[in-house]
Amino acid sequence: MIRAFVDYSLRNKLLVLAVGILLLAWGAISFKNLPVEAYPDVANNYVQVITQWPGRAGEEVEQQVTIPIEVQMAGIPHLANVRSISEFGLSVVTMNFDDESSNDWNRQKVLERLSMVTLPSNLQPTIGPDYSPVGQLYWYTLKSTNPQYDLMQLKSLEDWVIEKQLKSVPDVIDVSSFGGTTREYQVQVDPNKLVSYGLGIGQVEQALSNNNVNAGGSFIQTGEQQVNVREVGLYRDVQDIGRTVLKAQNGTPVLVRDLAFVTQGPKIRLGQIAKAVHAPNGAILDTPDAIEGIVLLRKGANGDAMLAALHEKVDELNNHFLPPGVKIVPFLDRSGLVHLTTHTVMHNLTEGILLVSVILFLFLGNVRSALIVVLTIPFALLFASICLDLSHVPANLLSLGALDFGMVVDGSVVVVENVLRHISHRGEERTVMNIIREAVHEVQRPVFFARAIIITAYLPIFTLQHVEGRLFRPMALTVAYALLGALLFSLSILPVLALLLFGSNTREWRNPLMVALMKSYRRALEWAMSSLPRRLIVLGTAGGLLIVAVSLMISGAIGSEFLPHLDEGAIWARGTLAPSTGPAEGERVMRKARLMFASFPEVTQVVSQVGRPDDGTDSALFSNTEYFVDLKPKEQWRPVFHENKEQLIRAMDREVEKIPGALWNFSQPIADNMEEAVSGVKGELAIKIFGADLKELEGKGDEIVRVMQNI
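Whatever position you read off the sequence shown (first residue = 1), add 27 for our numbering.
For the record, the hints were derived by calculation from the structure and aren't laboratory data. One or more of the hints may lead you astray.
[Said to hold, decoys possible] Derived EDC-like pairs: lysine to aspartate or glutamate, alpha-carbon spacing no greater than 20 Å straight-line:
1) LYS715 with GLU730
2) LYS170 with ASP342
3) LYS722 with ASP157
4) LYS136 with ASP126
5) LYS194 with ASP594
6) LYS715 with GLU114
7) LYS672 with ASP594
8) LYS354 with ASP313
9) LYS294 with ASP177
10) LYS326 with ASP177
11) LYS326 with ASP264
12) LYS191 with ASP657
13) LYS194 with GLU251
14) LYS354 with GLU339
15) LYS619 with ASP657
[Claimed, not checked] Using C-beta positions, here's what the derived DEER-type ranges look like:
16) ALA45 with ILE154: 50 to 56 Å
17) ASP267 with ILE154: 33 to 39 Å
18) ASN108 with LYS274: 51 to 57 Å
19) ILE154 with ARG615: 46 to 52 Å
20) ASN173 with ARG615: 25 to 31 Å
21) ILE564 with SER128: 54 to 60 Å
22) GLN230 with ASN108: 46 to 52 Å
23) GLU670 with PRO351: 40 to 46 Å
24) LYS727 with GLY428: 18 to 24 Å
25) ILE154 with HIS592: 29 to 35 Å
26) ILE714 with ASP267: 52 to 58 Å
As the structure is a prediction and not an experimental result, all values here were calculated from the model. For every residue, glycine included, the Cβ atom is placed at its ideal position computed from N, Cα and C.
All chains, please: the whole structure from these sequences, using the hints.
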């Protein structure tokens with residue numbers, strides 16, 4: 028079969044070259060359109076159910092909301108596990124599904140079960156947006172120099188205008204807003220007047236609810252026209268609320284304004300955003316209250332295409348849509364990291380191709396033969412791009428970086444060298460085509476089975492499950508596809524190119540260095556095989572080296588990490604306070620730490636948050652403070668840090684440790700999201716304790732903390 032394939036390629040040179048050119052063009056298009064992730068998405072297929080119950084304690088939330096939802100979700104097909112968080116006013120139930128399920132199917136089943144859950148009245152659980160932890164691609168704040176727009180008006184602009192416009196961008200699944208003050212109508216009842224009128228607070232609430240409605244009265248016919256009849260009762264302003272009748276006393280109506288003050292005010296805040304900018308002159312420009320938005324990418328969508336469309340939409344909003352003086356200012360744009368990743372990959376690929384080209388030329392001694400072999404690399408890469416695109420597998424730094432050019436071209440090197448050797452020793456009666464055919468037939472089986480063995484070695488990776496499978500399967504697929512492309516090239520296109528470029532006068536070049544190395548190797552081999560003691564010495568040395576290598580691997584001396592490290596150009600810091608911390612104390616600690624981070628000349632800006640957003644998508648209390656610390660390029664850092672991020676983090680840690688009562692953890696934005704999605708814990712390393720007695724669990728947790736602090 029392989030022989031027939033080679034013969035067919037040599038007989039149909041133009042067809043093979045045409046197909047090769049078409050594959051290169053198709054591969055170039057696929058490579059351009061192939062989604063490139065800065066970080067591999069290793070998160071589970073998951074669905075979150077978010078339920079807000081304002082004012083209720085965490086224990087009530089767990090008993091009356093979280094547990095009923097967990098019970099109802101049990102038994103959904105493909106459900107792997109369920110974890111939940113119940114805290115003040117919020118329940119978040121996360122269901123993780125296996126890799127055999129699809130997110131759309133999972134969400135549909137969760138919605139079906141959710142409709143059967145019995146919850147306290149007026150509670151409406153919702154499912155979170157369908158996005159991946161690596162899908163937070165664009166973070167921004169609103170900047171206003173317009174005095175007519177205060178924080179409350181900016182929040183209204185964000186909720187009702189900007190979110191709607193950004194969601195219209197293809198593949199934007201949601202926009203999560205954080206910070207600012209939400210406008211609401213407030214009825215501030217005077218308790219003394221309430222008692223004097225003989226009313227209860229429940230009666231006031233019921234009257235407001237009953238009056239704030241519209242009603243329909245069908246229609247009446249006037250001549251040839253139909254006139255719709257409706258009663259308009261929805262409140263339009265504070266005056267309408269104040270005129271609401273509560274009861275009649277001695278024939279006189281008692282109105283809301285008689286016993287309460289009605290006004291517009293901010294809703295009770297669950298969190299706060301702030302921003303500090305390190306100006307070029309060294310000054311720190313602090314904004315203690317800001318509004319943040321996070322644009323979320325639909326799971327599985329192309330982030331590059333979405334960001335390109337999003338940039339156009341943001342420019343349109345800033346230039347033509349938003350009020351004068353109000354601007355969307357991004358502080359984390361993932362396109363920069365994606366482009367850096369793509370640039371790194373392309374830089375490494377280019378360097379690899381050039382290095383392989385030089386080495387091949389030096390050892391083959393023939394420009395044409397080196398050129399033919401080097402063409403294997405772009406062909407294999409573009410062939411892999413086609414297969415990845417058809418498989419809907421995105422590329423990332425890990426998968427593209429796994430390509431070994433030496434492994435890709437070695438089959439082509441074997442074929443070319445054998446062709447050159449046969450041409451150099453050809454007889455007068457043999458044509459170049461027959462020589463090339465015989466040369467390729469001679470090595471086709473070793474080349475084919477060498478590729479098959481390497482691909483087979485990657486097969487166990489495809490059996491990996493969960494996080495490790497999602498991490499390494501794209502890498503294994505990329506390597507396997509590239510090797511298949513290289514095999515196709517070496518057995519079809521390469522013989523045709525050799526037929527076109529090699530003439531009857533082509534000769535094999537004997538590299539003096541290789542000749543010397545071969546002589547040395549032959550002498551060493553003869554020495555090692557000459558007697559039993561020498562063979563035992565060689566085997567003993569090899570066994571000793573194997574033992575050393577295995578010992579290093581088992582002992583952990585060479586180190587290991589759960590996920591690959593990628594420098595994101597920023598730091599994500601978290602300060603955890605006592606669980607009972609209130610909003611004022613949380614804001615005070617956040618401000619102090621924010622200014623500490625911003626005081627470093629290596630920092631461009633710091634965006635900090637305390638608490639959680641109004642939509643409950645990020646469960647946290649005022650005891651949780653988080654900081655996005657944007658960094659300058661390492662070339663602009665002070666020499667004391669030697670362009671070493673770990674040293675900078677240690678210096679920052681020494682500063683914020685001066686804040687009493689706070690525990691600090693440092694990570695990176697994407698890495699932090701990924702770690703939380705995988706483990707459900709805000710941190711890189713976590714220890715989970717399971718049991719039925721909450722007090723005993725708390726005691727065991729304190730014991731573990733005391734032990735871990737000594738490490």
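Notebook entry, point to check: Hint numbers the structure violates, sorted upward?
Noted result: Of the numbered hints, 3, 5, 10, 11, 12, 13, 19 and 24 do not hold.
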